[in-house]
Amino acid sequence: MTMQITEPAQAAVAAAQESTPARPALRRRIGFRQTLANALTLAWRNVMQLKHSPEKLMDVTLMPIIFLLLFLYVFGGVVAGSTHAYLEILLPGLVGQMAMFATMGLGTALCEDIHKGVFDRFRSLPIARSAPLIGAVIGDTIRFCVVIGVLTGFGSALGFRFHTGPMDIIAAYALAYVFYLAVCWISVLIGLIAPSPATVQGIAFIWTMPLVFGSSVLLANTRTMPGWLQAWVSVNPVTHLANAVRALTIGGPVGSNVLITLAWAAGIVIVVFPLAMRMYRRRV
Amino acid sequence: MTTVIAAEGLTKRFGNTQALAGVDISADAGRVLALLGPNGAGKTTIVRILSTLLKADGGHASVCGYDVVSDAVQVRQLLALTGQYASVDEELTGTENLIMICRLLGLSRAESRARSRQMLERFDLAGAASRAVKTYSGGMRRRLDLAASLLGRPEVLFLDEPTTGLDPRGRSEMWDTVRGVVAGGATVLLTTQYLDEADELADEIAVIDHGLVVASGTPEQLKARTGRQTLAVRATDPALTEQAAAVVAEIVGTAPDVAPNGLVTAAITDPAMVPVVVRHLDDAGIVAAELTLRLPSLDEVFMTLTGHRAEDDVAASGNAETADRNGRAA
Chain A
1 MTMQITEPAQ
11 AAVAAAQEST
21 PARPALRRRI
31 GFRQTLANAL
41 TLAWRNVMQL
51 KHSPEKLMDV
61 TLMPIIFLLL
71 FLYVFGGVVA
81 GSTHAYLEIL
91 LPGLVGQMAM
101 FATMGLGTAL
111 CEDIHKGVFD
121 RFRSLPIARS
131 APLIGAVIGD
141 TIRFCVVIGV
151 LTGFGSALGF
161 RFHTGPMDII
171 AAYALAYVFY
181 LAVCWISVLI
191 GLIAPSPATV
201 QGIAFIWTMP
211 LVFGSSVLLA
221 NTRTMPGWLQ
231 AWVSVNPVTH
241 LANAVRALTI
251 GGPVGSNVLI
261 TLAWAAGIVI
271 VVFPLAMRMY
281 RRRV
Chain B
285 MTTVIAAEGL
295 TKRFGNTQAL
305 AGVDISADAG
315 RVLALLGPNG
325 AGKTTIVRIL
335 STLLKADGGH
345 ASVCGYDVVS
355 DAVQVRQLLA
365 LTGQYASVDE
375 ELTGTENLIM
385 ICRLLGLSRA
395 ESRARSRQML
405 ERFDLAGAAS
415 RAVKTYSGGM
425 RRRLDLAASL
435 LGRPEVLFLD
445 EPTTGLDPRG
455 RSEMWDTVRG
465 VVAGGATVLL
475 TTQYLDEADE
485 LADEIAVIDH
495 GLVVASGTPE
505 QLKARTGRQT
515 LAVRATDPAL
525 TEQAAAVVAE
535 IVGTAPDVAP
545 NGLVTAAITD
555 PAMVPVVVRH
565 LDDAGIVAAE
575 LTLRLPSLDE
585 VFMTLTGHRA
595 EDDVAASGNA
605 ETADRNGRAA
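Line by line, the protein sequences are chains A and B. Its first residue numbered 1, the first sequence is counted upward by one per residue in my numbering. Its first residue numbered 285, the second sequence is counted upward by one per residue in my numbering.
Extracted from the complex, chain B is given alone in its bound form (with noise of 0.2 Å):
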């Protein structure tokens, strides 16, 4: 397989916070990879490196063999980019979005407006096409954006943050449209901060922490290297759940976590434990409604690749990626 997006020891610093401190990604042909972290780690900085908004201070990175400085007019050429930001320009209506790009790629005016035509149809916005994009939803915007994105059919698809804002449907139908993009053959890199993304989307996932990628693989290669398993129980009877938990934390050692649900949770290194956890819920009369035993979530794997929670990081942010748009303001 042949590496699209290759980039090494990036690293970039905005006055004070450094946001890359020396970054190696790539990505093969037709694959997805996510970057994966908390806001401020870094992960719109690569985009803009790699998608030539941005130069790093160190490092090189290159898309399909072109450096993204000194080749950066063939980069452009071959990848698109949606912005954190729905880059589309709101005071006019999305058909004179798409005519705009596809003027700007060099086609016709007979082409620019059949194929803006196409894509308003194809993107579920022709209803919307001569109406000011400033009236549009927030999940129609980014429809709308990666539909212009999409018209100089790249072969390399830079999202960033593509469902951040998005309602859980709106979230599913860019999945779906991301699904949709990779079957078309293109190489895609896409940033997210959630986990569950990255594990529905990614062949890959570089997880991102203060500027450095602190692991990477495929989604079942993240999940099996924090080397632990969970169990999951929940007593049919909802008044049960205390007596379950307690005879998980006797067995386990150590007090498991209880959801609202009642659904018992708890990490455990030995599978052997689970037939002794079966037989002593038969001993205390507990009727399981659910026992499984799975591996860690990717936001068990995150908390134990950085030492701390994804959403923690959410809340003390407001350093990097601040910053990045601040250095751009500089």
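Excised from the complex, chain A in its bound form (with noise of 0.2 Å):
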């Protein structure tokens, strides 16, 4: 049917409203299941947009190929005296690092939606207002995901193997994701403050370089580094994070590092989500 015959489009669209049932009595808030509801929907989005344009992903698949080639070729006779004794440092290293840069392309792909009238649409909707961007976040898993996916198979096929049972490397990779959607609401706090897309990545990389750099990923023994580094080092969650993926995968003790790196997720998400929430309201 078309639309330009006056009569019928005007039916057509009284028709689509005449069998509206009696409306049901308006709600007078937004309930936790509503919202988590909304926001998978809102996940599904982001998955969608994935499928139709799979070239989103082309970072986070070569990431992990270009850094472990480029550091185990680079580091490895230097520092562990074999590539292959260095790829077993590393590649649990590498887990904590990817995941931090893997959360980059949250905030641009926010900042981009939030400029489109996309955003509108989801505020004048009886949604949760935090459902868009929690459905951001989770939607990111599938980053999450094919970045460790890449690192761990590319890292296999280079010789790694893993030490330690099943339920431990489960839960180095669980510990590294949860990790990984904390650290994704700075990346969403910074999408909703920057000026435009461009300005994204730039912040985003002077925040994750000396967190991902000043830190074990790249060597276990951070004794030869001056006073102030290790007092960095030793603070910095992603030590934290590649010192218990490292124990969960490799074998050693994991002590403290589970708790910490837990511990900091709790602190990110507790700071920076109403940090967001705010920063949301105000800007959109």
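Please keep in mind that the hints were generated in silico from the structure rather than gathered at the bench. Treat the hints with care, since some could be wrong.
Below, computed lysine-lysine pairings styled on DSSO-like, alpha-carbon distance capped at 27 Å [stated by the list, open to error]:
id	chain 1	residue 1	chain 2	residue 2
1	A	K56	B	K418
2	A	K56	A	K116
3	A	K116	B	K339
4	B	K418	A	K116
5	A	K116	A	K51
6	A	K51	B	K418
Just some of the chain A residues that point at chain B, by a computed CB distance under 7 Å [said to hold, decoys possible]:
id	residue
7	R45
8	H52
9	L125
No experiment lies behind these values; they were computed from the predicted model shown. Built from N, CA and C at the ideal position, the CB exists for glycine as well.
Assembly of the complex is requested from the two constituent chains, each provided in isolation within its own frame, with the hints serving as guidance.
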């Protein structure tokens, strides 16, 4: 049917409305279950976007391969005597590093979304205020899975082998995922603060670089570093994540690293989530 | 009749720009209220406040009796907004966009699919349903946007410049659709820079200029407010246009406008001038192909009410509406 003829078009739109059931009583607030349902729907939206434009996953696909190759063959001999010995130290560390880098895309995507009109639609719908942000973070799980999957797969092809049981390995990846979700909120906050999508990337590099490289990601032994750097490395949550993943995948004492990583993750969410929500309310 | 949309004394400032300087508007159930004004007049700001996207600095507003700030959750269950920039996800398909909105509105998967298919057919988008929206034309995007807005069967529909950027065919399709929405019982508030659009669709018009309602009423009331009528004459022989203009000028006392198609128009205050013009034209041997006395167009009304042409401001705009978007970014 066509829309250019006045009468049928009017009748059609009227028909679309006439089957209106009596409007149920209006809700006064949005409950937790609805918030979660809304967030999952919006996460589905992100997954559909990736399905239509898989090239958006290019960075998280190539990044682990390039970093693994470069670090392994540039530093391997010097740091650990052989590339094979270094691979065991490097790969678990890179799990932490890749988790950090993979969050960067979220801020840019969110900033772009806000500059288009689609967030106006979400905000005028009777859904939870936080749902679009929570949905974006949950939807970003795909990027985490790709970056960690490629890293582990390519690392295994280069000769990496786990030395621990399946439960420990699952715990290692679950810990990285929890930390990833927490750091996603920092990326969200930057996406909300940045004046344009192009600036998000720049800001993201500035804060992730000291955390990623001022850590035990690239080497387990940090004793040769100067005192001030050792102090930084020992408070850096990425160090604790890298140490925990290392212990849970190639063996060794886990110590307090898991708990400290989880505490950091919780701390980040507790501080950053309300800030992000505040910016979101003001900004959009 | 019940008042569905009510706003009193709305003020809003973005930096140094006073976007709204105390706006009062109201719309009754099932009616179409048009906010008419040039770019930067504050129309979009009003819509954003009424649709709970923006908080006013002062004044209050309600939709169906619910305050847009304190009862925003209820208001959002009643309204739908179709923004100036089509607010659909360009990377998803038409179907996916509608299913997403249905799911957000709480419909089940099966209901969402059925209702999305139904709406895509109604809005002549069934053929493009599984294409990404970024491949759609401007008119298709607007239709999808409107379909998305109507999924929740809103009682109040806000349309922010629904036809800006559409070709004439797209515009008349959109007009038909809006009429259909009203026939379905919804109350509509639309903003427009086009006087013919307001004339065509609205039951009531509020003329907005520099953040204030400078006039309001039915289209006929507004036209009558200028207190003048327009005499239009066109000579059968285009060569006699100059002469006809001279005759009109002599009787009316001011130089008339002469359109390229030979239509000579002049504002007159006394209808008795018409027979005089007829006689003089006859004396001069000019045969009139067209000779009418009509109420002024809304263009002329706008000029009278605001002291400037609606189009003048479009070029000189870039103040309030731009400040609105910047204000959101700040």
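Now the hints, each set against the structure:
1. A/K56 x B/K418: Roughly 16 Å separates the two Cα atoms, so the pair holds.
2. A/K56 x A/K116: holds, 18 Å
3. A/K116 x B/K339: holds, 20 Å
4. B/K418 x A/K116: holds, 13 Å
5. A/K116 x A/K51: Judged against 27 Å, a Cα distance of about 20 Å means the pair holds.
6. A/K51 x B/K418: At roughly 15 Å apart (the allowed maximum being 27 Å), B/K418 and A/K51 satisfy the hint.
7. R45: holds, 5 Å
8. H52: Where the cut-off is 7 Å and the nearest Cβ of chain B is about 6 Å from A/H52, the hint holds.
9. L125: holds, 5 Å
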